[in-house]
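Protein chains in written order, with the numbering used here: chain A, 1 to 293; chain Y, 1 to 340.
Mixed in with the good hints there might be a few duds.
Said to hold, decoys possible - Only pairs whose alpha carbons sit at most 27 angstroms apart, straight line, appear in this in silico DSSO-like list of lysine-lysine:
| no. | chain 1 | residue 1 | chain 2 | residue 2 |
| --- | --- | --- | --- | --- |
| 1 | Y | K278 | A | K79 |
| 2 | A | K236 | Y | K128 |
| 3 | Y | K260 | A | K110 |
Worth flagging that the hints you see were computed from the coordinates, not collected in a lab.
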Amino acid sequence: MNLVHNAVGIMTPFLLAAIGGLFTQIAGMLNIALEGLMLIGAFVAVASTAATGSLFFGIAAGVSVSVIVAYLFGTVSLKLRANIFVSGLATNLLATGLTAVLSFRFFANKGVIRFPGIPRLPVLSAQALRRIPIAGDIFFGHHILVYVSWFLLAAAAVVIYRTPFGLRLRATGHQRSTIVSLGLKPERYQMQAILISGFTCGLAGSALTLNLSAYVPNITAGRGWIALVVIYLGNKTPLGILVASFVFGFAEALSNYAQGALEIPAEFILAFPYLITVTAMVIYSIWRRRRAA
Amino acid sequence: MAGMSGLAITLGASLVIAIVLFLLLSRDPRTTIFYFFAGPFTNKLSVGTMLNAAIPLIFTGLGISVAFKAAVFNIGGEGQIYAGAVATTAVCLALPHVPGVLGGLIAVVAGAAAGALLAGLSGLLKMKWDTDVLISTFLVSGAAILIINYIITGPLDDPESSLLATRKIAERFRLPFIFRPSKLDVSVFFALIAAVLIHLFLRYTHRGYELRMTGANPEFARYGGINVSMYLVMPLMLSGALHGAGGAFLVAGTHHMALKGFTSGMGWNGIAVALIAKNHPLAVVPAALFFAYLSTGADAAMLRSDVTYEIVAIIQASIFYLVTAQALYGFVRSRRRVPK
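Just chain A, with the same shape it has in the complex:
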């Protein structure tokens, strides 16, 4: 059952990015900048951890820079009324450029940068509990950001469904005119949602690089896009994205395992979740059409 254990580790960046993406999705925006926000966070977190010797400051720096870039993305999209899809693409490009340029400037290297001496993410080892079948694999032996992601998911569920902010956010996405007629500004809630996505993507990026103690160019490798797919597959609900990110995490864990052991090419296993999501979307559209009829 090591597969399940690995899947839980692998799914964490998907889940973290998807939590932020859930907020923007609920506020009626297609946030494709998740990828770029995650990449910036990943680079800054590991470089700052190396510079300060502190995980806390490293993660804080990664998250802050990611939020700052999210603010730029939000300003262009909302204040300057850019097409959010295009400004999202721009943010992803900016992240690719910025991480390469900074890496070249500060480390004279734009390939893999190793930081062997930096502190590692603390792991909840709990040896005895890990031996419990399945539950031990799922719940124990992970690094701290895994547990942070679960906490944030629960917090997101509460905020979205049980607070005035969540209600207004949902109204912004669902029926913008209601918010306007109440004298509230939908852009304000959308900006807050974008900043939240910057925060969780910063954490998602930190989880990637701090787990490796290294920065690899373009380390996110489409994970932000997968997070977007996770939101759709999870039917835009907190519980749904938890399950959906596990599906993607499990597929990736399986493909790592398959490279040596199975007959199926790893790429097919990696392609599988995309195909599941298309199928799920089609089934959902058929169901919606039947219900409407």
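Model the placement of chain Y on the given structure of chain A, informed by the hints.
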């Protein structure tokens, strides 16, 4: 040409951003700036490389323009150009005894068909069940990229080469180079012809008119008796075919084989090109050239000075931000109205 001055300001501003970046990042900014701006014109190789780099961008830019004109959001361009490239390669490798011209034609058609099928699938899903095109084109493309990676490194892999690439296609299927020592080849003419044809199609044909109408206002189009659901599928197939053809010419003209990930980024850049061109097929050509100029300039600056190539991504990002920021254009327009 009301949009032109706004566009000129955008492109000018992006070049100013480039200069500022070089002043900040380079120890010898004068050399860097010189090679970035003049580098693409310093020798025949650079000029040819720049023109050659524009070819796939013209195809992807056209593909996106057609889709956006019909208001269908095809963001699966990355997978469609890659599918076109690999289909062309596979056909060339599988056709041993066919004469060059015929085989080449079949191969390019196969490439375009591969792109069209990939994009058309999303159109079909939209038509039948109203599945969101933007997400489904992306997903289908995402899955296709992974499977094509497997095809290139698995069944089609050249065991004698250490590259993650297929075997080279036969000499007779390769398009002639026209500007040695660069890799510019005759496919540049095909790209220009494609731009003109798409322009004529959209502007002067019945179907082109219906496509634009459907894109501009589907309700109005339906009311006018246009078969709206057909214009969900057809523009996507055409868009996919153009992406596929871009991949096909990349193989037949430049690389002569398919390499893992070698079209990566061309689909996204096609969106940028279409955006700068405001979806006008003829304007796609200069927009693609401008993009190619930026990347060739960045290459030259990296080669001759101390900055890294990826700086071009930051410049492109600022162009994106500026081009799409409606409020800025509104500002330009309102300023102009004041004196009247």
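Review point. Tell me, which hint numbers fail for this structure?
Key: none
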